[in-house]
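Visitor: Below are the chains, spelled out letter by letter.
There are 2 protein chains.
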Amino acid sequence: MQSPIEFYFDFSSPFGYLGAQQIEAIAGKHNREVIWKPIVLGFIFKTTQSKPIIEIPLKGEYTKHDLERSARELGIEYTMPTPFPINSITAARAVLWSNSNATSGVSEQATALIHALFKAYYVQGKDISQAEEVINVAHSVGIDRDTLTNALQDDKVKALLKNAIEEALDKNVFGSPFMIVDSEPFWGSDRLNQLDRWLDVGGW
Amino acid sequence: MQSPIEFYFDFSSPFGYLGAQQIEAIAGKHNREVIWKPIVLGFIFKTTQSKPIIEIPLKGEYTKHDLERSARELGIEYTMPTPFPINSITAARAVLWSNSNATSGVSEQATALIHALFKAYYVQGKDISQAEEVINVAHSVGIDRDTLTNALQDDKVKALLKNAIEEALDKNVFGSPFMIVDSEPFWGSDRLNQLDRWLDVGGW
Chain C
1 MQSPIEFYFD
11 FSSPFGYLGA
21 QQIEAIAGKH
31 NREVIWKPIV
41 LGFIFKTTQS
51 KPIIEIPLKG
61 EYTKHDLERS
71 ARELGIEYTM
81 PTPFPINSIT
91 AARAVLWSNS
101 NATSGVSEQA
111 TALIHALFKA
121 YYVQGKDISQ
131 AEEVINVAHS
141 VGIDRDTLTN
151 ALQDDKVKAL
161 LKNAIEEALD
171 KNVFGSPFMI
181 VDSEPFWGSD
191 RLNQLDRWLD
201 VGGW
Chain X
1 MQSPIEFYFD
11 FSSPFGYLGA
21 QQIEAIAGKH
31 NREVIWKPIV
41 LGFIFKTTQS
51 KPIIEIPLKG
61 EYTKHDLERS
71 ARELGIEYTM
81 PTPFPINSIT
91 AARAVLWSNS
101 NATSGVSEQA
111 TALIHALFKA
121 YYVQGKDISQ
131 AEEVINVAHS
141 VGIDRDTLTN
151 ALQDDKVKAL
161 LKNAIEEALD
171 KNVFGSPFMI
181 VDSEPFWGSD
191 RLNQLDRWLD
201 VGGW
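In order, the protein sequences belong to chains C and X. The numbering of the first sequence is the working numbering, which starts it at 1 and goes up by one. The numbering of the second sequence is the working numbering, which starts it at 1 and goes up by one.
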């Protein structure tokens, strides 16, 4: 097995969602694992003095159109959610907690939870900024409600997200999705094809 | 001939340069003309509260790397210029003036000037924010120095750029490159492949 692809994403990022639907096929093709890295861009936007693209005049309207056009082209189910953007802290903590329970490597449960949370928000229109929704979604992939409810209040779990965001900033991650493989950074779902070609030929 | 592809760009935008190297092949494939639309993003950034990506912490460094990687992949000569970004008002005015001299449709001289100005800045490292350099480059494509020197001081030529920027804003253009074809907007050199597929199948 080659070194993995780190896939940084924010649940509140539609491009992160589009990327998450594609990254496993690319990774599999190149015999790589996907290391899922949930982050919360709000904290990182303080460093980059950014805000969600959807809130920027002109860019916001274009981006809504672009997302729908790109999702249709890729055959990915997608509905612009409301509310948007959302606070994705609870969803990210749930995933990091789930992943921390894995005995080794990539946690299948955490991966299932990621896909279920994305689907809940971008397909089913559920507001996953709410702990109750996150717990419902987690339950649907076999996670005990009470155990997760307690974990979400645990300072150790809160620290997991704080550390994850610090690690992301240390690696100069500033967007979603953001992929790092063999130390090479790729920002945006529109760089997935380039990442694929990069792994095909070993870089250029 | 089908309706043309409007290609909005700022000479100070490296992604505009990369796009300009590719758009004619895509247009030709689909029997479309390219209508070159030089703009100056500085004025538009006031509306979108944006600034050059290169000046944004983390994003700036990544973007420099991304531009070099993308140029290498595409086989396009590119050197990150200094100074950067630049005031591209004079270069844009020269192109708009040259184009206004065309007897009909797309001006071959204006197209030659666009490519020569891009090459001067991104390949030869000449500072095309300076009127003297713009005039030198224009001379290299057959434009009389004195005629252009006078034109650049002409209020009618200044108005051409003002109108071009207003037209761009009216069409919700906010970046470079920005393409519009059959009323469909595409932002970024990384949407050229999507534009190509869009024209292949007539949209989706």
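In case anyone wonders, no lab produced these hints; they're calculated from the structure. A portion of the hints provided could be inaccurate.
Note: identical chains are not told apart, hence a pair may lie in one copy or across any two.
[Unchecked claim] Restricting the straight-line Cα-Cα distance to at most 30 Å, the calculated cross-link-like pairs of lysine-lysine (DSS-like) are:
#: 1; residue 1: Lys51; residue 2: Lys29
#: 2; residue 1: Lys59; residue 2: Lys119
#: 3; residue 1: Lys29; residue 2: Lys126
#: 4; residue 1: Lys46; residue 2: Lys59
Visitor: Determine for every hint whether it applies to the structure shown.
Guide: To see whether the hints hold, each was checked on the structure:
{"no.": "1", "hint": "Lys51 with Lys29", "verdict": "neither (34 Å within a copy, 38 Å between copies)"}
{"no.": "2", "hint": "Lys59 with Lys119", "verdict": "both (25 Å within a copy, 29 Å between copies)"}
{"no.": "3", "hint": "Lys29 with Lys126", "verdict": "neither (32 Å within a copy, 44 Å between copies)"}
{"no.": "4", "hint": "Lys46 with Lys59", "verdict": "both (20 Å within a copy, 13 Å between copies)"}
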